[in-house]
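For what it's worth, the numbering used here labels the leading residue of the sequence shown as 1, then goes sequentially.
What the hints contain is simulated information worked out from the structure, not anything from laboratory work. Any given hint could turn out to be false.
Pairwise CB distance ranges (calculated) [what the hints assert, rightly or not]: (1) 50 to 6: 14 to 24 Å; (2) 138 to 52: 32 to 42 Å; (3) 62 to 140: 14 to 24 Å.
Calculated cross-link-like contacts (lysine-lysine; reagent style DSS-like; alpha-carbon spacing at most 30 Å) [to be verified]: (4) 139 to 75; (5) 36 to 116; (6) 139 to 36.
Predicted model, so just to flag it, every value in this text is computed and none were measured. Just so it is clear, CB atoms sit at the ideal spot from N, CA and C, and this is done for glycine as well.
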Amino acid sequence: MIVLNAQILHAIAAHAESDYPHECGGMLIGKFEDDKKTVVETFPLENAREEEARHNRVLILPKDVLIAERYAREKKLDVVGYYHSHPESPAVPSQYDLEHALPVWSYVIASVIEGKVVDIFSWEMENDRSKFNEEQIEKVLSQSE
C-alpha cells in the first residue's frame with residue numbers, strides 16, 4: 001500500500017498536466033513503514049529524452065536520481081517510488097516500464113487525456129520482475145493524517 005495525501009496527488013497531476021503532451025517523471029520521497037510506503041513529498045525531475053520522443057518516453061538520468069536520493073537522505077527520508085505520466089494512454093505500466101522498473105519501489109502513473117489527468121494508479125513490481133501488480137492507494141486529506 002502507498003499513502004498519498006491530496007497535496008501529493010495534486011503535485012503529480014500538476015506536473016503531468018504542465019509537461020503534456022510529453023511524459024513527465026519524478027521521485028516519491030517518504031518513509032517505508034511496515035507494509036506501506038508513506039509519501040511526504042514529490043521530487044520532480046527533468047525528462048532528458050530527446051524532444052521528438054518525449055511524448056511517449058521519459059528518461060531520468062542517473063545523476064538526477066542520485067540528487068533525489070541525497071535530498072531524501074538529508075531529510076532522513078527515503079525514495080519510496082517513482083511517478084510518471086502517460087499522455088493519451090491509460091495509467092497502466094507499459095512493457096517499457098516493466099523492463100526498466102525495480103522491485104520495492106511504488107510506480108505511480110498518471111493518465112493524461114487532452115491535457116487533463118483522468119486517473120492515477122500505483123503499481124508494485126514482483127520481486128522476480130515478471131509483472132506489476134496494482135497497489136492500493138490510501139488517500140489522506142492532509143500531511144498530518
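Hints and how they fare:
Restraint check, residue 50 to residue 6: a C-beta distance of roughly 35 Å breaks the suggested window 14 to 24 Å. In this structure the supplied range 32 to 42 Å holds for residue 138 paired with residue 52, their Cβ-Cβ distance being about 38 Å. A beta carbon spacing of about 32 Å between residue 62 and residue 140 contradicts the range 14 to 24 Å that was offered as a hint. For the hint pairing residue 139 with residue 75, the CA-to-CA distance comes to about 23 Å; that is within 30 Å, so the pair holds.
Distance check on the hinted pair: residue 36 and residue 116 sit about 28 Å apart at the alpha-carbon level, within 30 Å; holds. Among the hinted pairs, residue 139 with residue 36 is consistent with the structure: their alpha-carbon atoms are about 13 Å apart, no more than 30 Å.
Hints 1 and 3, counting from the list given before, are not met by this structure.
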